[in-house]
Amino acid sequence: GAVVSQHPSWVICKSGTSVKIECRSLDFQATTMFWYRQFPKQSLMLMATSNEGSKATYEQGVEKDKFLINHASLTLSTLTVTSAHPEDSSFYICSARRLAGGGETQYFGPGTRLLVL
Amino acid sequence: AQRVTQPEKLLSVFKGAPVELKCNYSYSGSPELFWYVQYSRQRLQLLLRHISRESIKGFTADLNKGETSFHLKKPFAQEEDSAMYYCALSPGAGSYQLTFGKGTKLSVIP
Numbered sequence: 004g005a006v007v008s009q010h011p012s013w014v015i016c017k018s019g020t021s022v023k024i025e026c027r028s029l030d031f032q033a034t035t036m037f038w039y040r041q042f043p044k045q046s047l048m049l050m051a052t053s054n055e056g057s058k059a060t061y062e063q064g065v066e067k068d069k070f071l072i073n074h075a076s077l078t079l080s081t082l083t084v085t086s087a088h089p090e091d092s093s094f095y096i097c098s099a100r101r102l103a104g105g106g107e108t109q110y111f112g113p114g115t116r117l118l119v120l
Numbered sequence: 004a005q006r007v008t009q010p011e012k013l014l015s016v017f018k019g020a021p022v023e024l025k026c027n028y029s030y031s032g033s034p035e036l037f038w039y040v041q042y043s044r045q046r047l048q049l050l051l052r053h054i055s056r057e058s059i060k061g062f063t064a065d066l067n068k069g070e071t072s073f074h075l076k077k078p079f080a081q082e083e084d085s086a087m088y089y090c091a092l093s094p095g096a097g098s099y100q101l102t103f104g105k106g107t108k109l110s111v112i113p
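Heads up: the protein sequence lines correspond to chains R and W, in order.
Read in order, the letters of the first sequence correspond to residues 4 to 120 in the numbering used here.
Read in order, the letters of the second sequence correspond to residues 4 to 113 in the numbering used here.
Keep in mind that the hints were calculated from the coordinates and are not lab data.
Possibly wrong hints are sitting among the right ones.
Claimed, not checked - Using 30 angstroms as the maximum straight-line C-alpha spacing, the simulated DSSO-like pairs for lysine-lysine come out as follows:
#	chain 1	residue 1	chain 2	residue 2
1	W	K108	R	K17
2	W	K18	R	K58
3	W	K105	R	K58
4	W	K12	W	K25
5	W	K18	R	K44
6	R	K69	W	K68
7	R	K23	R	K58
8	R	K44	W	K12
9	W	K108	W	K68
10	W	K60	W	K25
11	R	K44	R	K23
Bound conformation, chain R alone (with noise of 0.2 angstroms):
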């Protein structure tokens, strides 16, 4: 089936410094990726879409200077937080778009915890 993984699960970072979050499709080849933020008990907020070879498209109110994404090959988008501060410290989730016979279908990634101190 189809895999995807992120990475780190979890982080802890000093207010001030960058975290790098990985998604990889595993064992297919995803042109848009989708990244996601979820706080605890509320659902999943879109954040941006990544597609590969091309910038991001960010949602409305997500700033793309804070949250820089880098789809740089068929099978891993990167999401950059820089300069995190207490108040991004949520739940991060990547999903990749794939195509299959029943159509298309957004794999999800485990997540990522970021907490920022």
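We have chain R already, so just place chain W on it with the hints.
Relative to the frame of chain R, chain W by itself:
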């Protein structure tokens, strides 16, 4: 803008009882609707999609365009169905972005 509403945060049913998880949406076009499930300590995974018109793990969902609903149903709940269920909408027509509802936690009581 699209919106997905799941009115119930928590739904508790007894094992063997029917279950219905409600989902309503607002979107002016012809969207694609999905149900995703997240079992304890596991990642989000697709349960079913309206265009497939299939039954997965005994669950079905029918898209009602008149009522703008996509309720998830199962005639006999099992303990292993206990999980968080999210209804999601994609605008379709080449857009693959998902808008999620807030989720309903289903608890099946043995």
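Report the numbers of all earlier hints that the structure fails to satisfy, in ascending order.
1, 2 and 6
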